[in-house]
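So in my numbering, spot 218 of the sequence shown is number 218, and the numbers just go up one at a time.
I should point out that these hints are in silico values taken from the structure, not numbers from a laboratory.
Heads up, a few of these hints could be off.
Stated by the list, open to error - Pair ranges (Cβ atoms, derived):
1. Ala231 to Pro319: 39 to 49 Å
2. Ala309 to Asn252: 54 to 64 Å
3. Ala231 to Ser315: 25 to 35 Å
4. Asn252 to Leu278: 33 to 43 Å
Stated by the list, open to error - PhoX-like cross-link-like pairs, simulated, lysine-lysine; straight-line CA separation at most 20 Å:
5. Lys388 to Lys427
6. Lys300 to Lys393
7. Lys340 to Lys115
8. Lys450 to Lys393
9. Lys186 to Lys115
10. Lys450 to Lys186
11. Lys113 to Lys186
12. Lys314 to Lys450
13. Lys257 to Lys300
14. Lys388 to Lys475
15. Lys300 to Lys234
The beta carbon of each residue, even a glycine, is placed where N, CA and C say it ideally should be.
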Amino acid sequence: MNTQIKKILADLYIIDGSLREREEELINIINNILISQPDTKFDAEFARRLRFKLLEKESLTIKKNFNFTIMSDLIIKRFSYVFAGAAVILLAVVVWQNIDFSSKNSLSSKITKLKSNAFGSLIENGQLAVSEELASANVSVTKGSAESRAIGMGGGGGVSVSDAMLPNPVNYIYKYTGEEIKMESKEITVFRRVRGGASASALANQIKGFDFGGVNLNNFSNLSLQNLTLAEDKEFGYMLSFSLEDGSISINQNWLKWPNTQDICLGKDSACFDSLQLTPNDIPSDSVIIEIVDNFLREKGISIDGYGAPFIDKSWITPEVRFIGDQLSVIYPLIIEGSKVYEESGQPSGLNISIDIRNKRVAGVWNMLSQVYESSDYAAETDFNRIKEIAEKGGRYNNIYYADLSGQETNVLELGTPEFILARIWKQPAGYGMAQEFFIPSYFFPIINKPDNAPTWINGVVVPLAKEILDDADKNNDINPRPMPLLDPASTRSEQPAVAPEDFAADEVCADNCGNGICEEVT
Numbered sequence: 001m002n003t004q005i006k007k008i009l010a011d012l013y014i015i016d017g018s019l020r021e022r023e024e025e026l027i028n029i030i031n032n033i034l035i036s037q038p039d040t041k042f043d044a045e046f047a048r049r050l051r052f053k054l055l056e057k058e059s060l061t062i063k064k065n066f067n068f069t070i071m072s073d074l075i076i077k078r079f080s081y082v083f084a085g086a087a088v089i090l091l092a093v094v095v096w097q098n099i100d101f102s103s104k105n106s107l108s109s110k111i112t113k114l115k116s117n118a119f120g121s122l123i124e125n126g127q128l129a130v131s132e133e134l135a136s137a138n139v140s141v142t143k144g145s146a147e148s149r150a151i152g153m154g155g156g157g158g159v160s161v162s163d164a165m166l167p168n169p170v171n172y173i174y175k176y177t178g179e180e181i182k183m184e185s186k187e188i189t190v191f192r193r194v195r196g197g198a199s200a201s202a203l204a205n206q207i208k209g210f211d212f213g214g215v216n217l218n219n220f221s222n223l224s225l226q227n228l229t230l231a232e233d234k235e236f237g238y239m240l241s242f243s244l245e246d247g248s249i250s251i252n253q254n255w256l257k258w259p260n261t262q263d264i265c266l267g268k269d270s271a272c273f274d275s276l277q278l279t280p281n282d283i284p285s286d287s288v289i290i291e292i293v294d295n296f297l298r299e300k301g302i303s304i305d306g307y308g309a310p311f312i313d314k315s316w317i318t319p320e321v322r323f324i325g326d327q328l329s330v331i332y333p334l335i336i337e338g339s340k341v342y343e344e345s346g347q348p349s350g351l352n353i354s355i356d357i358r359n360k361r362v363a364g365v366w367n368m369l370s371q372v373y374e375s376s377d378y379a380a381e382t383d384f385n386r387i388k389e390i391a392e393k394g395g396r397y398n399n400i401y402y403a404d405l406s407g408q409e410t411n412v413l414e415l416g417t418p419e420f421i422l423a424r425i426w427k428q429p430a431g432y433g434m435a436q437e438f439f440i441p442s443y444f445f446p447i448i449n450k451p452d453n454a455p456t457w458i459n460g461v462v463v464p465l466a467k468e469i470l471d472d473a474d475k476n477n478d479i480n481p482r483p484m485p486l487l488d489p490a491s492t493r494s495e496q497p498a499v500a501p502e503d504f505a506a507d508e509v510c511a512d513n514c515g516n517g518i519c520e521e522v523t
């Protein structure tokens, strides 16, 4: 054993003494890592993952890992099965037998390189799809808007923003204070996730010959099996949902098998419910939460290869929060080709695991996706000043701007030196069809002076580096805020009827005489 390995082992034993029992295995693992990945940091996170892998190795002798890579080229390989039994059981067997659960690297990425610009335009109908989170965030408030919405809608008039008992919104201005970056690459590599539509159709063809209670599936065409749900019939059981078309798996509580606080307080007064309210003090320590997650992943054989170190999302817990819900999220950031994946809103994207705080159990897992991708090179933006300008305007969808209100507060948010990431962006097809899921090289500009009272969604600014996307953003977005002139509500009202009597009469004549060719003559 060389000196370097001895030092690494000594450091690991300080972090986690239980690893000493597996020293022989550790030496082999560290040797392989030093050869293949000499720059690996042997820190606390490495020790945690190493311990997880060692325990996972034991459980693999009796369990098999989920394999999500097959969800895209899923099931096309093996259909030579002799079927028997009830149709419902058969359906489960078809799916189960065609999913390879034995792969050790079930979440390892599989990337197929294509020619340049292989995905066509990265925008559709002038713009990429806007996430619901971004769409709901980019709203301006103007005086009188509430009144104009309510008038004529049975609401009796309404209350304008200036009259409502609400605090004025805060305007946020971004200012870059980081280092200048030299843009050297003229191309970026864009990734597109491959889904399992062909496999879903292949599975449907396998079951078309079975009797499903009087429905003959042979009378239907172009069938595809899109979803399959399995449920554990036991206390604290789970429901597994397989989306074969999307290439994803989610795990949720089987609500029939989990205790319900409403049942406990059924027929009792509000004091019962109040006694069951959770507060931030009821949240377990971070180490306990991570241990709950690690144990669940190991017991269920779910691999975390392809994901970064987990973090606990407590961004929503502020000093003003007195009571909390039953669940807390732990996120394992997705990593593709060494780069972290973010939503364009600035939030990390990856494997999301919900913890039931009350029962100290995993409540659900979602965003488990197939790790099969295609990649293609596209033209990159090479002007960092342009990228910086877009970041200072809040990204390609611009910053939220509120009309000038009396006493309104404005905060300047400083943006630090950006980190290279992949932004998860959706492209809506023209007409019908599923949106395509892209991972586009981008810069994430962190906010380095976020105020304590800032909204939780203000985390940073994401700017895609694809030149086509930025060109489209400049063309379709007016970056500088231009409040529309405010109308005097009184000037919008009139004592005159909306339709003049003579116009109304003409409309009636037209409706009655269209068949006689009079419509064009009556005005």
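Against the 20 Å threshold, does the CA-CA distance of Lys113 and Lys186 hold or violate the hint? holds (18 Å)
Next pair to validate is Lys450 with Lys186; report whether the Cα-Cα distance is within 20 Å. Roughly 33 Å separates the two Cα atoms, so the pair is violated.
Are the Cα positions of Lys314 and Lys450 separated by 20 Å at most? With a Cα-Cα distance of about 15 Å, the restraint between Lys314 and Lys450 holds, given a limit of 20 Å.
Looking only at beta-carbon atoms, does the pair Ala309, Asn252 fall within the given range of 54 to 64 Å? violated (25 Å)
Straight-line Cα separation of Lys300 and Lys393 no greater than 20 Å? Measuring from Cα to Cα gives roughly 45 Å; hence the hint is violated.
Do the alpha carbons of Lys257 and Lys300 lie within 20 Å of each other, as the hint requires? holds (18 Å)
When you take the CB atoms of Ala231 and Pro319, is the distance between them in 39 to 49 Å? holds (40 Å)
Given the proposed pairing of Lys388 with Lys427, does the C-alpha separation stay at or below 20 Å? violated (24 Å)
Check the following: the C-beta atoms of Asn252 and Leu278 are separated by a distance inside 33 to 43 Å. violated (20 Å)
Check whether the Cα positions of Lys186 and Lys115 lie no farther apart than 20 Å. holds (16 Å)
Does Lys450 pair with Lys393 here, judged by a C-alpha cut-off of 20 Å? holds (16 Å)
Taking the Cβ atom of Ala231 and the Cβ atom of Ser315, is their distance within the range 25 to 35 Å? For Ser315 against Ala231, whose Cβ atoms are near 32 Å apart, the range 25 to 35 Å holds.
Against the hints set out earlier in the document, violations occur for numbers 2, 4, 5, 6, 7, 10.
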